[in-house]
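Trainee: Quick note, the sequences are listed as chains A and B, same order. When you line the first sequence up against my numbering, it's residues 1 to 393, in that order. When you line the second sequence up against my numbering, it's residues 1 to 316, in that order.
Because the hints were derived from the structure by calculation, they are not lab data. One should not assume that every hint holds.
[To be verified] The calculated lysine to any residue pairs, modelled on SDA-like cross-linking and capped at a C-alpha distance of 25 Å, are:
| hint | chain 1 | residue 1 | chain 2 | residue 2 |
| --- | --- | --- | --- | --- |
| 1 | A | LYS129 | A | ALA80 |
| 2 | A | LYS300 | B | ALA141 |
| 3 | A | LYS219 | B | LEU6 |
| 4 | A | LYS245 | B | GLY145 |
| 5 | A | LYS67 | A | TYR244 |
| 6 | A | LYS300 | B | PRO72 |
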Amino acid sequence: MKALALALSLLVCAVAPARAQPVATPIPIGIAVAQTSNVALFGQEQVNGAKVAEARINAAGGINGTKIALAFQDTGGDEAGAVNAFQNLINRDKVVAIIGPTLSQQAFAADPLANQAKVPVVAPSNTAKGIPQIGPFVSRVSAPMTQVAPHSLRQALKLTPDIRRVAVLYAQNDAFSASETEVFQQAVKDLGLETVTVQKFQTTDTDFTTQVTTVLAAKADLVVISGLAADSGNLVKQLRQLGYKGQIVGGNGLNSPNMFPVCGALCADTLVAQAYSPAAVEHNPVNKAFVEAFRQAYQKAPAQFSAQAYAAVQVVAEALAKVERDSGKKITSFELPQLREAVNAALRTGPTLTPIGEIAILPSGEIEQKDFYVSRIVMQPDGATGAFVLVTE
Amino acid sequence: MDFAWLTQSLLNGLSIGSVYAVFALGYTLVFSILGIINFAHGAVFTLGAYLTYALTVGRFGINGLLAGVSLPVTLPFFPALLVGALLSGLAGLAVEQLAFRPLRRRGADPLLALVSSLGVALIVVNCIQYLVGAEIYSFPANIFGDLPMAVIFSVGGRPVAVRTVQVILFAACLVMLAGLWWGINRTRTGKALLATAENADTARLLGIGVNHFIRGTFFLSGLLGGLSGTLIGASFGLSGPYFGVAYGLKGLAVMVLGGLGSIPGAVVGGFVIGLGEAFLPADMSSYKEAVAFVLLFAILLIRPQGLLGGSLEQKV
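Using the sequences and the hints given, assemble the complete structure.
Mentor: Pasting the structure below:
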């Protein structure tokens, strides 16, 4: 009898119309990134970028007078943490959209939940293949960075035309670096250069003596690195300390001011492929304002992770404004499920100028990004601070 | 035979192996006294590096509770290294008080102490991140003074390069190992420590304050962990609060390889694993983390008590 009563009540719950869920004020937007664990270095940059976006959007009047409020959830560095964060944001904080998670493998675990709940997800840093294909509510503002690699190699050849012998080094335990090095290696072939050694390392490595001495013995005159900021910074430092004098080209993982404290003055002159440059402000007033606000808040130039997080908040805010504009009614008068669907549709319409340049989210959820950059690292005389200075091709 | 490669690998292996040895000694000392593994040792390693960094540089980054805070005074590197090591020793003592003593008093299963030390390790690492953020910190480039960055010489017409920091690591570790050997084998305190390690009950009957020596051991273990953490941090930078995790695992492998509880074993184990990693062919260098554990499996199959370990029945 008890079982029958339980079954009946479950059935009633299942068929009863969902209780009305109004949109909270200020409008909650979820940020689910890694604030702890060994991924926190990137997550903290994302938090900083998102906070700058929130402050600037609210200072400009929010969404036609209604402010936004970022709801932060720490995903940690694993899939379980991301799933938990997404569940909290969807069910407890009742956000209109989620920005996150930091890692692609976390996205594959958590994004299906949001997709099932019909909550739009904007990935600020997931570059793996298949992210937008998770579902119709998943999109990203992080371009697959493999497009940029050949530009930096061409630039290196332009600066040092007699380059012939290339050493390739990459972090084999990082999916992005392993994928990026394939593009670099193909570009090396296409440019008619000789790959004299391919060396692997781990993102957790600190001692690169073995790799560096092999590069020296191979008499390479160009070193191409795909790794993350900490390990690549150490690699650059040890290459220079052991006497390597040639050109160094780094992939997108080196595109972070976190490099500077690691290799210090020895970072100088490294060429870096970038999806974002804090120096690209001449034709981009949004980036100019973002860099100024970020510098004021954190006394340093923003990293790519910060800029992409800013761009993600910006596109969600602009989608909210578009929904309000097109529907002619206030965001706060929408039912939450209805608004989430409307925001998801509005995200995929037309280009937006963001700190990372003009971007558009295609109907598939994939990003279309116009600009990529090559910069040269210039260090200040103190050897501790530096900047990425744009190099024009 | 490529003598240049052999020389290069030997120098690389001696340098990193000496750090492994000193770090593993911290594990070994505690194991030799209590018969259990202190999993918080890797966290103390990390803490030592951050403490010395704070004392040397005196300011923090943009994240964490201490963001923007500057210390009123800073110290030159070597005094800061000593103060950082002493503070790490105190942290080791705190680990004993928090994770080991309460359980020992209740006569709890040693396995519980192992788990509680793991818990303390996680708390310490997370506290570091809460205070200073996950940013990368690097000691100033001139931390060792105006020494040249590397020495490059020729063997058989091919260049062999040694970074100055590798020489400093090796020399500093040799000094520490010699000091420890002297302290344990040539002083009354050291002999009392050995007696406690051999049999705590008998030592107690002989009038040796066993609890006093347990505390002393944790202090010494923390001091060695903090020193090795600082040396590694100053050589390669602090890549985040989790940078000690890999060294923690490696130190464990070194200790088991050398022989659980054997002080000479920890030294030999450190050098064996350091050299094993260094002699791995360059194309496979990304697998060097696995070397420690492959060597470990091999020695466990051939000589389960480790290279220089005694009978397993005594402690396990």
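Trainee: Compare the structure with each hint and give your call.
Mentor: Structure-based check of all given hints:
no.	hint	in the structure
1	A:LYS129 / A:ALA80	holds (21 Å)
2	A:LYS300 / B:ALA141	holds (20 Å)
3	A:LYS219 / B:LEU6	holds (18 Å)
4	A:LYS245 / B:GLY145	holds (23 Å)
5	A:LYS67 / A:TYR244	violated (53 Å)
6	A:LYS300 / B:PRO72	holds (23 Å)
Against the hints set out earlier in the document, a violation occurs for number 5 only.
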